[in-house]
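Asks: What follows is the residue order along each chain.
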Amino acid sequence: MSIPVLLTISVGPRAVALRDAVTVAEAAEAAGVAAIRIADGTAAGRALDPTVVAAYLAGVHGGVGYVAELPTTHNAPYNAARRVLSLDRATGGRAGVALLAGDGDEVSEATAPDPGAAGPARRWAEYARVLTRLWESFPRTALVGDQDGGVVVDDTLIAPIDHEGVFYRVAGPLDGPSSVQGRPVVVADLDALDAAAVAESADVVVVDAAAAPGADAALAEALQRAGRVRRDVALLGRVAVAPGDPPGAAPLLAWAAEHRLDGLELVPGGGTGPALAVLRNLVPQLVDAGAPRPATLRAALGLRESVAVAS
Amino acid sequence: MPRQLHINVNILNAGVFGGSWRFPGTDATAAYTIEHYTSIARKAERAKLDAVFLADGPALDPSVRHRPGNSLEPTTVLARIAAQTEHIGLIGTLSSSYNDPVELARRLGDLDYVSGGRFGWNVVTTAGPIAARNFGRPGEPEHALRYRRAAVFTEQVVAAWAQRTDLVSPQVRPVVVQAGGSSAGRRLASRVGEVIFSADQDLGHARAFRAEIRAGAARFGRRPEEIVVLPGLSTVVGATEAEARARRELLDEILPDAYARGRLAGQLGISLDGLRDDDPIPAELLVDPDEAGGSQSFYRVVKAIIDAERPTLGQLLKKLSGGGGHRIVTGTPEQIADDIERWFHAGAADGFNVMPDVLPSGFDDFADHVIPELQRRGLFRTEYDGTTLRGHLGLGLPPVPSGRHLEVVPS
Chain P
6 MSIPVLLTIS
16 VGPRAVALRD
26 AVTVAEAAEA
36 AGVAAIRIAD
46 GTAAGRALDP
56 TVVAAYLAGV
66 HGGVGYVAEL
76 PTTHNAPYNA
86 ARRVLSLDRA
96 TGGRAGVALL
106 AGDGDEVSEA
116 TAPDPGAAGP
126 ARRWAEYARV
136 LTRLWESFPR
146 TALVGDQDGG
156 VVVDDTLIAP
166 IDHEGVFYRV
176 AGPLDGPSSV
186 QGRPVVVADL
196 DALDAAAVAE
206 SADVVVVDAA
216 AAPGADAALA
226 EALQRAGRVR
236 RDVALLGRVA
246 VAPGDPPGAA
256 PLLAWAAEHR
266 LDGLELVPGG
276 GTGPALAVLR
286 NLVPQLVDAG
296 APRPATLRAA
306 LGLRESVAVA
316 S
Chain Y
40 MPRQLHINVN
50 ILNAGVFGGS
60 WRFPGTDATA
70 AYTIEHYTSI
80 ARKAERAKLD
90 AVFLADGPAL
100 DPSVRHRPGN
110 SLEPTTVLAR
120 IAAQTEHIGL
130 IGTLSSSYND
140 PVELARRLGD
150 LDYVSGGRFG
160 WNVVTTAGPI
170 AARNFGRPGE
180 PEHALRYRRA
190 AVFTEQVVAA
200 WAQRTDLVSP
210 QVRPVVVQAG
220 GSSAGRRLAS
230 RVGEVIFSAD
240 QDLGHARAFR
250 AEIRAGAARF
260 GRRPEEIVVL
270 PGLSTVVGAT
280 EAEARARREL
290 LDEILPDAYA
300 RGRLAGQLGI
310 SLDGLRDDDP
320 IPAELLVDPD
330 EAGGSQSFYR
340 VVKAIIDAER
350 PTLGQLLKKL
360 SGGGGHRIVT
370 GTPEQIADDI
380 ERWFHAGAAD
390 GFNVMPDVLP
400 SGFDDFADHV
410 IPELQRRGLF
420 RTEYDGTTLR
430 GHLGLGLPPV
440 PSGRHLEVVP
450 S
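Residue numbers (the working numbering), protein chains in the order written: chain P, 6 to 316; chain Y, 40 to 450.
The calculated label-pair distances, taken between Cβ atoms and stated as ranges, are:
#1 Y:415 x P:297: 50 to 60 Å
#2 P:285 x Y:415: 52 to 62 Å
#3 Y:435 x P:65: 27 to 37 Å
#4 Y:421 x P:169: 51 to 61 Å
#5 P:169 x Y:319: 41 to 51 Å
#6 Y:324 x P:114: 37 to 47 Å
#7 Y:178 x P:232: 35 to 45 Å
#8 Y:43 x P:249: 49 to 59 Å
#9 P:115 x Y:347: 37 to 47 Å
Under the rule of at most 25 Å between Cα atoms (straight-line distance), these lysine to any residue pairs were calculated in the SDA-like manner:
#10 Y:82 x Y:430
#11 Y:82 x P:67
#12 Y:357 x P:151
#13 Y:358 x P:154
#14 Y:82 x P:65
#15 Y:357 x Y:100
#16 Y:358 x Y:328
#17 Y:357 x P:152
Just so you know, these hints were derived from the structure itself, not from any lab.
Just so you know, even glycine gets a beta-carbon here, dropped at the ideal spot from N, CA and C.
Whole structure, please, built from the sequences with the hints as guidance.
Replies: Put into structure tokens, the structure is as follows:
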């Protein structure tokens, strides 16, 4: 059998050096990993900016997906939406964002609609809603390029989002069209967030070993309340892989089956060597590298190849 | 070695002319693809240019119906170009009004590291209400306030770079680029700008501008030779003079009229509704440049043309050709090289931010024919002799600007 796998690395001198990250990306591409998740820092300190690293690596090895971690802290949502959609368009629909729950940014704080609003989970839900709506504000079908008629973009298909929440006020629309996969994949970690907070906007939900029991049912219920169904979301189990002590594939697959996990996020500790070891030894037992490469990151995660962008 | 030119290409989506995307043989929507930018950057590297330059603003340009806009975020594009090139500098425009300085300092410093010391930050304050509304504001902050923030913001970002102890690039810090032509913009340029983009139609005026920036920098304790002034230069290249002129005329013909009028009205801040092509521009409605909101640089340039030439609306639209106020040179590679050489030797420019009429074809012609002519004349490098943007520009590492200049600004 073959299940979707994310491989998580931090890139920087204290984790996987940039040059080595190119090697890891090449190995991940060859192994059929769905995406490399670029973490925003490590226990040992800060790492390189994940959106920059993802854009760089995708420019060398474009056959694998890239998920950049991006915190709400210090990032205005309009800027984050542009950056992540730019990455998604540049990769031909193979990108996503792991939106990290946190605080606000200096620009948005100054004009927050409700200055007293608080709570990372509540902020995350509003932030993710702004991202997904911005990503749909300029459908790619609006790009008509009618040279004779003098119309390059049919702007009647583009609409502002006029978002007015408690943390953010964002008019939109975005400046660029939606991607091949509709919009970038949104990844949510269920440690800082609960199922209700992520149900409206997440495409991928990640749980660790402690949170795995019962996660499938809780997610299904939260999704239903949000008007979505369980198969709209990929539920991944996070596995920290200690250097020199990789878990066997069979127990991992049994664990995934027991908790109805759709895939795995492998987080190798110890830098480049252990990351490459996971790709060479463990991943081939989880992923069929010979299978045809899915067209988009959504497809690679077992989701629909593209989400419809309203026009 | 005698002083040599510094040349960047501004990859302004489909090209600087409003009708560029309709030019025969052009893919109308190529500017919405990443390959458009990476392939032009690779071509620019083969031509040994100093850098590629990306203009940007966090907003959808309202004229997008009639000409392509910028649609890809610069740090994302430049990181990809960094992966696919080795030498060329990478200059991106990022707003001081609509970014968090902590995040921006980190991301730009990391892009500099990832690119091996090739990044330059073009600081802009971002004019206009459309961008403002994407960040919770009803309208743009007042001009003077935008520039006060820009000064503090830039110093904060540069200070954060200077404090780095790891993830330091071979050029140590990104190059600071500044483009504002207003009084406040020129002051900011003198204080922190290392590369200055300007918009000038007139050689004498450009020479005075360059002298003013250099003198201003000296008053801030900086060395004038460590400032590189690059006026924008729109180019229309032809194998013969007649061919170049025909290309220019065709570009005027295919310029979508609604776009040209809308853009000019926006730049002047007045309505052009009801005005016919042979009517004069109502100059009495135009305010003094220092009073204008929005982008003062282009207002200043267009108002100077109106004051000097008293054109009809049709004449002005043709002169600007949707290019927005940068000087346009039309001619053979030799003629364009003559023009570049004249400005360079007159002290009006250290080089140019080249804005080809049509992308990629206009840049291909520039790189294949104008650059070799400049190289034959000894005016432009034939090989890179460094690997960093600072190296290409001949810039050392300036002292970290200090906030004590913020309150007391020498006049």
